[in-house]
Every structure is written in C-alpha cells, then in structure tokens.
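Below are the chains, spelled out letter by letter.
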Amino acid sequence: MLNYIAYRLLLTIPTLLGAAVITFFLLRVIPGDVVAVKLTGDGAIVSQAVIDAERARLGLDKALIYQFSDWMLGLLQFDMGRSMWTGRPVIVEISQRFWTTFQVALMSTAIGVLIAVPLGTLSALKRGGAIDYATRIFTMAGLSVPGFWVGMLILIWLLQTYGWQPPITTIPFISDPAGNLSQLIWPALAVGYRFSAVLARIIRSTVLEVLGEDYIRTARAKGLVPRIIIGRHALRNALLPAITVIGLEFAFLFGGLVVTEQVFNLNGLGKLFVQAVANRDFIMIQGMVMLFAVIYIFANLVVDLLYAVFDPRIRYGTAEA
Amino acid sequence: MIAAMASRGSSVLSFARQQPLGAISLLLILIMFFAGVFAERVAPYHPEVIDFTSILQGPSSAHWAGTDAFGRDILTRIIYGARTALLISLVSSLLGCTLGAILGASSAYFGGRIDYAIQRVVDILLSFPLIVLALVVVAIMGRTLVFGIDIGLIAAITIPIIPQVARVIRSSALSIRRMSYVEAARVAGYSNTRVIFRHMAPNLVAPYLVLLSVYMSQAILLEASLSFLGLGVSEPTPAWGLMLAGSATEFFAQAPWMVIFPGLAISLAVFAFNLLGDSLRDWLDPRFRT
Amino acid sequence: MLNFSGRELKPHSPHVLETEGVAKPLLSVRNLEVEFRTSRGLVRAVRDVNFDVAPGEIIALVGESGSGKSVSALSVMGLLPKANSEARGSITFDGRNLLSLNEHEMRTIRGRQISMIFQEPMTSLNPVLTIGLQIIEPLQTHLGLTTAQAEARAIELMSLVGIPDPESRLNSYPHQFSGGMRQRVMIAIGLACNPKLIIADEPTTALDVTIQAQILELMRDLTRKLGISLIIITHNLGIVARYADRVFVMYAGRLVEEGNITRIFETPRHPYTMGLLLSVPRLDQGARSRLNAIEGLPPDPSKEIAGCPFADRCPFRIEICSQPPQLEFTDVGTRSACFRSDEIAEGKLKWRSPQGGGEVVSLPKAKTALVELQQLSKSYWVKKGGIFGRIGEVRAVADLDLQIQAGETLGLVGESGCGKTTVGRLLLAIDKPTRGSIRFDGQDIYQLNKADFARYRHDVQVIFQDPYSSLNPRMTVAQMVEEPMIAHRTERSREARQDRVRSLLDQVGLRPEIAERYPHQLSGGQRQRVGIARALALNPRFIVCDEAVSALDVSIQGQVINLLIDLQKQFDLTYLFIAHDLAVVRHISTRVAVMYLGRLMELASRDELYENPLHPYTRLLLDAAPVPDPELERQRPVRVAPGEIPSPLNPPQGCVFSTRCPLASAECKAQVPQPREVRPGHYVACIKV
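Protein chains in written order, with the working numbering: chain A, 1 to 321; chain B, 1 to 290; chain C, 1 to 689.
To be clear, the hints were calculated from the coordinates, so they are not data collected in a lab.
Just so it is clear, the structure is predicted and the values come from calculations on it, not from any experiment.
Beta carbons are placed, not taken as given, at the ideal position from N, Cα and C, and that holds for glycine.
Treat the hints loosely; a few may be bogus.
[As the list claims (entries may be wrong)] For the chain B half of the interface with chain A, some residues (derived, Cβ under 8 Å), not all of them:
id	residue
1	Ala117
2	Ile118
3	Val121
4	Val122
5	Val132
6	Val136
7	Ser247
8	Phe251
9	Ala253
10	Gln254
[Stated by the list, open to error] Derived contacts from chain A toward chain C, CB cut-off under 7 Å, selection only:
id	residue
11	Gln48
12	Asp52
13	Ser95
14	Phe98
15	Gly212
16	Ala221
17	Lys222
18	Leu224
19	Arg227
20	Gly231
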C-alpha cells in the first residue's frame, strides 16, 4: 500500500507539470501584451515608456522560456509573484481567503452527501414509485436552479423572517464557532443543494445498475435478507463511483464558489478570483488557476487511493488483462 | 440519418408518446423561443425605457411580475432576456459541442500520439469547473464587440464546453470504432472518409444531440452567472443574470419580485433543457428501443 | 415402432407411467403460467407447464432462447421481477406450494432447500467481497453457524468442489479466480446448506469445453453422492444426453415433449424434437450431407397462438394443428404434444425439410494454396496486474505455418486464448503480424501496392460472430448490401445495384421486403444472412467466418450452416471457419486445424482428425464434448483434462500443453515441439506421437 501511494504520488508530478505549462501558456495567448491590455484596457492613454517599465518589473521582457522557468522556480518555493492590482504577494492574498472557501466547500460536500446517499439509494430501490418521481424532480431542479439565486432566496427569507443580514466580514471559526457556523451554513446549503442533486443522480443510476448485476441475483438466490443484499452486496459496489464524484465535485468547489461568495459577501477564493478577472490581474489569475489545478489533482489522488482501499480488484491487481 | 429517424414512424410523435416529460420540456423550449423571437409583439412594455412613475412596484394587473428600480416592467425584460439567453447559449453550445465533437472524434479515430496529446490537454482543462475556465477566457478576451455581439462572452461560454464534449464523444467514438460493423467496413476496403461519415458519424449523432441539449442548459447558467458578476451582458441590454445583479441586490428586501421572477426564468429554461437531454438520452438509447 | 437412430431398440412395454411411477416427487410444477408486462404488451413466457422432479433425480429442461426454460426455473426460486411479472399455477416443493409463500418464507427455501447456479461465473460473484464470506453467508443466514464453524465448513466445501489450497483461498477475491474456479465456488455456495434441489441454468455455456466437462462431472458426482436432485437448463443436447435422467423439451413457452432420456433421443415423437436432433451437427458422425434444418423462426412471444406453436415450421402440419394440442402418452411411454405422434410412431412421417438431404461436402480436387501463413506471429503487450503495471507480452499467435487450399473450408478450432480469432484478424489485415508473412495467391499481402491491396480487400471478406454489432444500426439492409458495390465501383448504375441486392438477398434466403428494414427489425438469423449477403456482394474468393454461427440457436444455426455450404458450391468460395464448437467444425470443414495457446497442435483432413486424433490435446477436446446420444454417452468413459488453461501471459515452457497433458514428461518442457507430418496430410506437434 505504501508502495502504491508513493507510485501514485510520483505519477502526479508529470500531471502537475502539464497543468503548469497549460496555465502558463493560457495567459500568454492574450492578443497583444498583458501589460498594455491591462493599462490601456479602460481606454486610458499610457506612454510606451510606462508600459516597458511595468513589463520589466514583471519580468515580461524576458524570453518565454526564462519567464516559465522563473515561474516554476517560484512555484517550488510557494512564490507566485505579486498581484498586479494590490502589489501584495499572490500567496498571501490566497492564504488569507483559503480557509473560508475550504470551510464552505467542506460543509457543502457534507450536506450534499448526507442528502444524496439516502435519497439516491431510496429512489433506486423504489424505482418508478412516488419517492423516485419526487427525487427525479428534486434533483433535476437542483441541477437547474442557479446556486446564487437559491442563495438570494435564502437571504430574502432570512431577512424577512429573522431580520438577519450576512455580516460584512467572515467570523473565524476558532474565535466564535457558533457565529461562524450560523454565517456559513447558508451558502453551504445553497451550494449543497446542487451538490446533492448531482450526487443523488449518480448514486441512483449506479445503484440501479448494481441491482441488475448477476451477483445480486446470486445473493437473492442464497436466501439472504434484503438488509444484507442491499447493505453488503449492492451499496459497497454502488458507492465506489460516488467516491469519484464526491472527491472531484469537492475540488471543483474551490473555484466554483465564485458567484455564491459574491451573493453572501464572503471574502473567499471565488471573490478574489472574480476581482482578479475584473481587474485583469493576470499574475493573480495565473497563480489561482494553478492552485485550482493542484487541488483537483490531489483530490484525484485521494480518490484513487480510496478506491484502492475499497476495491480489491485495484488493491490486488487483476490476474489477467 | 433522416431516413433512420423517419423509419421510426413520425419521430416527434413517437418521442412525445414514449417520453411525456421530454415532450413537455420541448414545448416549454418552443414557447421560450417563440417569446424571444417575437418579443416586440409579445412583451407588454419597452424593455429599456425608464419610467420613474412606476418604480419598484409589486406584481399587479399592469405589471404581472412587478417593476424594477428604474420602473421597467420585469415581465417584459424577462421576455427580452429570453432572446439574449437563447441567442448566446445556442451559438456557444452549438459551437462548443461541434468543435468538441470534431476534436473528440478525430482524437479517437487517429489514435496514437495525436490522441495522447489531445487527451492530456483535455485532462487538464477538465480539472477546472466551467465557471473558472469561463472567467479565464473573459480575462483574456475582455469585451470584444463584433456586429454588436460580444465575442468575448461567446468564447467564454464556448471554450469551457469543448473539452467536456470532446471527452464524451471520444469515448463514444472509441466504442463505435470497436463495433464489428466498423471493422467490417474497414475489411471491405472502404475509404477513411466513407468509414467516418457513413458508419461512425451517424452513430455519434445521438450522443451529440444529448450533449447539445445538456450544454445548452449549462450555457444558459454560465451566461447568467457571468452577467450576474458583471462580466457578461451589460446594461441596458435585458439579461436574466443581469436582472439579479445591481439594484436587485440593493432592493431585494423591499422588492423580492425583482429576484424571484428572473431567477425562475433561468431555472425554468435550464430545467427544460436538462429534462430534454435526459429524455433524449433515454429515447435514443438502443437498449430502450423495441 | 420406429427406431430413430437406427440402432436396435430394446423390448419395451408401452404406456408405463414413467413420470408418475417414481416415488413421491420432491418438486411438482402444475399448470405453471408466467406473464410479463412489457412495453410491447403482455408476454406469456410460460404456458401451462407441468413437471416433476424425484428425489436424487437429474432432469433437463431443454429449448432454444425464449422457450421459457429459464423463466420456469426462476419462478421455482421466486426470483422473477415482481414489478412486471406474475406466476400462476402451483409449484409444490416438499409439500408446500412455493407460489403461495410470502417473500420471508421464500427466503428460508432459497439457498437452504433449493440452490441455483447461474450461467455467468465471471459476474455471478460479488467482486468486492472475499470468496470465503460469500460461501459463509448462506451458512450463517440459514444454519446460524458461528464464523469459525462457517469457515471450517467453507474450507470443507471448497475442497469438496476441487479448489486447491482452500484455507488460503478463503481470503481471495473473485477476480483472482478463473472462470472454471469461480463456477466451482458457485457450486460450493449451492451445496453449502445441503439443499434438496439444485437448479443449474446453463452452468457451463460460458466456459471452454474442457472446463465444461470438469464442472458437469463434478456437479453430477456430487449431487449423486449427496442425493440432491438437479435441474439442468441447457440448449446443448449433448449435455442433456450425457447427464440427465429425464428431459423436458420446451418450445415457445410450452412443454412439447417429455420423458426418459433414451426414449426421447432414440424415438422422439414430436416434430420439433425430431427436427432439433437432426439439425444439430454431430461430433460422432461424419456429416456427409447437409443438415435437416428447421425452417422459419420461432413465434413472436407477444403474439397469441391459438393452436400448436410449432405448426408454422412443422412439415407435418395438418388442419387439426390449429387446435391447441395436449401432452399425451406415446407408444414408448414418453409424452408428446403433437396430434400426429401416433403416425410418427408408426413411421409414416419422416422429417424432410425442403433443404434436407443433399450431397457430400467434398474435398477440393485441385490442391493449390490460396492462402499461406508462414511463421506467423502476433504479440500484444498488456499491463500485467499489480500496482506497478509491468508490461507483459502475450503471444496470441506463435510461429504458425498453415496453408488454405482453394475451394476448401479450413476449420480452426480451440478454446479461449488459443489465438484463432487473432489469425482471422491478421488475415483480414485488421491487425498486423509481429513477425511472419501472409501470402494470398502467392503474394505477400503486406507488400502489395495500393491497387493490389484494394483487390485483396475485394477478394477477402468476413462474417462476424455477433449478428447484433456487425450491422450498422442506422443503415437499411439494402444500403448495407449495396455499399461494397458503390465503394469498389463494381456496379455503376443504381438499377444494376438494386438488381444485384435483390438477387443477393434471394441467394441468402431473405425475402425482398427485408431490403428496406433496419437491423433492429430483424431476428438474429436474418441479421446473419444480411451479413453473408454483404460479404458476397463483391464476389469474393475467400471468406473468414469468425464464429459465424455461434450466437445462433440450434435450429437457426442449421439453416445458416446449410446456406454457407450451398454458397460455397455455387460461388466456388474458400472458407476459413473459426469456431469453438467441434461438431459444427466437423460438419462444415474439409480440413481442421487445432490450436492451443497460440500454437498449432494438430492439422488433418476432417475425417482423419475426428476418427484418428493423435495429439493428446485433440483427444481430450473430443472426449470432453458430449454428443447428443445417451447410449453412446453412457458407455464411453469420460477423460477430463485436468487443470486450467494457463494464462497466455505466462505460457508453459516447451510444449504449451505440457501442464495438462496426460503423456507429458520432462522432455516435453525442454523445447517447443514442431508440427511434423505423421501420416500423409496429418500434422501433429507432439514428441510423444
């Protein structure tokens, strides 16, 4: 198992490198020049000298290969350069906001899983029944309703019933856990609804697929009780694909919360990212995109390792191809 | 292809019979298209004219969905918003799905190093949620108006769709490539073009249509999100996402209808395309065909 | 009294109630009706089926797909989907009517009193649970054993079914077992609680013939020893003949004939049984003539038939056949649902299908090699299991030398992994050989220029196994048959092409209205005929038939084999006939090549190979396959090939068959034996011959 972890960790290196290359070149395909675009974007007239000075300051006057190696060397030391907007190190800006987003993502995932696992399973077991029909509508709505609109509806409801408004600043969990949770539960609910819809649909279809498998028929032919047939035989197989969805959707939330954070006035990664895009702060964008990629790659790694734990076919390898 | 569809009897009718939910969603979509196209005739007011005499009015017989902070009729703006949403989404999802399908199918057909290279890039692009990629494209392209259409916004919605569609179509194409009828076609000595266009492409139409419907809904959501963030459609053009931003956030306590109705419009549109995609998938799946 | 197989019939007093004569039956099925509600309406899958099983008896339910045999078994187990099906009648087991039991009561029967073994061993075990747990489960559920007791019993059961080293394999997972071993595990699970009855639904259909023999022998021996009754559900008449005491023949959801195994096989009294027995190619008889195929198709299960369901296809059909027949006792004590069974008994009715009879499948006179394979090898590189995924070489075909003569049918047989399909793919230039050459008409096909290669594509065609995936679902029959002519520009005008499509469809026995249909509107047999018409469109010289009849039901298979033989004569075709069914190969081939793990074991003319097999592998293969003749089967000793087919990733040193060969010695491991000509035209790759 340790060997496997080491092997999988080694495998992430080329993927990370690939992500870095793509991120780097993504922001070099801008028509024209980053600095010129940024400085003259609003129609301002800026002299070429100012542009050149800014280019030199950001190291953009060097050859691409030097720029890339500079960036890579920086990444290795957690130095992603400085924001073109605030002038502060990108890593500092990110780390100030990381935990808020992390917490909302985690809470949303928890809510999503808590709703989706029983709902998806039940709807598959009662296929064609009232619960299944209700679930189909619930999940289809969850996929269709914009998260930020759900957030706004929640805010309207909170304001009209309790007169509650979201605080301007994020309450840290350590100093005031109750205040923190009562602030973050609402965005987590708004996002968790969509999460639960995505997951419940996957679980429903995998449970249905597994219930049609020959080994379920074998289990029934053995005269086992339904609790064991479903719990031990069906769910163990059906929930494996759910691990992938949970892991990857969780990773997606780091970048995907942009709009919700805006609605709830949360100072998280999403808000930072939107600001960076609005301000065309390319150094910041580059750093954050790399961060999202790293989170995704590691979530993938964790999912693969969990698979190895739960699926003997991967743990022991298949005897034949 | 058309003959194949026709062979199933009148295909629209058989679809409606086998997938009643799909038929309802199709109807809903047709209504939206109709409203969007004929907005000038359908909508009761002008979408952009400001009327300070009727600011922030609740739903009434004069204004079914109320008015906004500039006294504009919300229902009217929703109807015109349908035009914006459907136009942008249709163009970008058609572009995204078609480019993605071409990329995915050629990746599968040629295989080898080309496939490997394409798939590695697709892998990395797939590690970002749609909205992140869309925002990156917005940052790169900015607002680029061509004939009054924001090319930047179209690209921001189109580009994130491409890798997703490419991945799905590639796997469909790979499984079709392994079917004996494709091998039989190769053994019969047919040219590459004949194998691709006569034997593979028609069998990719079904997954393509499903994807088109699904990404139509994603495009509507993306457009709404970007407009909400102020990075998509800009005032005074009526757009659903935009109607939720700005003054709506300031006044939603007094005028919740400003939030409720445009949000409903988005949800209903996305819902209809999702449901259509779902029903199409079931209907086109040969396992369900008798 | 007509003797069907031409053998002397022993004196026998008719009208002995054999089915009722035995002791009180263990299982008694009466008036069983099963209905499914489907999108196409109500389907009556089983209609008025009656049968008994005595304690310790082995019965067989035999029939083609859709005959209702599996549905009958599932209704005994109470495993039919409750949402859309309904079973009526009575199923009395040990004095209780199973159909009146609720789900809870039924669970105390399943796995405890009645066990079931399914067709697909690869998917019938749960992949994420250990073998041990899966054997223990019924012991704990039904007998309330502790884990320690249950494990001890599981070890006992595993050694009983011949799983080596059971203690350590308790913690293994299904994917670490081969198909044959998994089926042994299924048997162990079935035996766990000492049931009174085991139902085996096509238990060996997914297994290779040598493994099939192992599993069936094991099941027969164990059930006999433990006094368990066994219901075998199969389409394979050879298995029925070798293992069953009594047989029940089903057709279109009904029982059409039943009785003692010998009587049914020797003196069938129902036209369907007669036709079935005649349309099976026989391993033990040199087929010199065409098969007597049953014409037509089985009836659509969603359509109601008032009279005899077989009437449409029956050559003895008369007016009364539009009335529903009842099972009646015959002169030999069996029961037949045919109004004319007496006339059959008197020998007045002889089965002669319109296609029947015909001439000998003759060997070609001129011996010119059309296709020459020289030192042909093909390797694949695959990831060997395990987390580091080392790359391993699979030699699918190794150093194969083979000639196919113009006008002959070379049968290529072997079990899974023997490389026979790869040979076909190499010949079709779908895959490229790793080494060696393929010559067609004396020219190396990989050295051809573009025009000559197009010519090769023209001359060489293929018929695939799976009639479902081999036709493009979005093209009509006419478009598919016409396409080769368009692509190769053989028929320029549209009219000429349409004429040719019509005549091709006629030649493969399809009515012209089929031309406008899509594949999903056709039956399996019709699809295979379309595949043949498409292959013929360019007037090819050589056709690779890759398991071309394996997916078809027996009666349809006979029709297609006859068609292939007719077409060969008519168009002077050469066939490479790849198959795993030794009897089919014997019927259609002029020469036969036997492969094992990528290598040629034996090559000889058809009759020479089947009557005088020299290679130990060929002998075991022929021994393992049962023939549909109970007398013969009961007389001949069964020699079962021991062990498993080794993984092609790690083929044995020296002779690849040495690990399972009864003659093997140390020198067999020393080097790979080369095929040598032992007798004229008879090549054997074995140093012991």
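Right, here's what the structure says about each hint:
{"no.": "1", "hint": "Ala117", "verdict": "violated (11 Å)"}
{"no.": "2", "hint": "Ile118", "verdict": "violated (13 Å)"}
{"no.": "3", "hint": "Val121", "verdict": "holds (7 Å)"}
{"no.": "4", "hint": "Val122", "verdict": "violated (10 Å)"}
{"no.": "5", "hint": "Val132", "verdict": "holds (4 Å)"}
{"no.": "6", "hint": "Val136", "verdict": "holds (6 Å)"}
{"no.": "7", "hint": "Ser247", "verdict": "violated (13 Å)"}
{"no.": "8", "hint": "Phe251", "verdict": "violated (11 Å)"}
{"no.": "9", "hint": "Ala253", "verdict": "holds (5 Å)"}
{"no.": "10", "hint": "Gln254", "verdict": "violated (10 Å)"}
{"no.": "11", "hint": "Gln48", "verdict": "violated (56 Å)"}
{"no.": "12", "hint": "Asp52", "verdict": "violated (52 Å)"}
{"no.": "13", "hint": "Ser95", "verdict": "violated (35 Å)"}
{"no.": "14", "hint": "Phe98", "verdict": "violated (33 Å)"}
{"no.": "15", "hint": "Gly212", "verdict": "violated (10 Å)"}
{"no.": "16", "hint": "Ala221", "verdict": "holds (4 Å)"}
{"no.": "17", "hint": "Lys222", "verdict": "holds (4 Å)"}
{"no.": "18", "hint": "Leu224", "verdict": "holds (6 Å)"}
{"no.": "19", "hint": "Arg227", "verdict": "violated (11 Å)"}
{"no.": "20", "hint": "Gly231", "verdict": "violated (12 Å)"}
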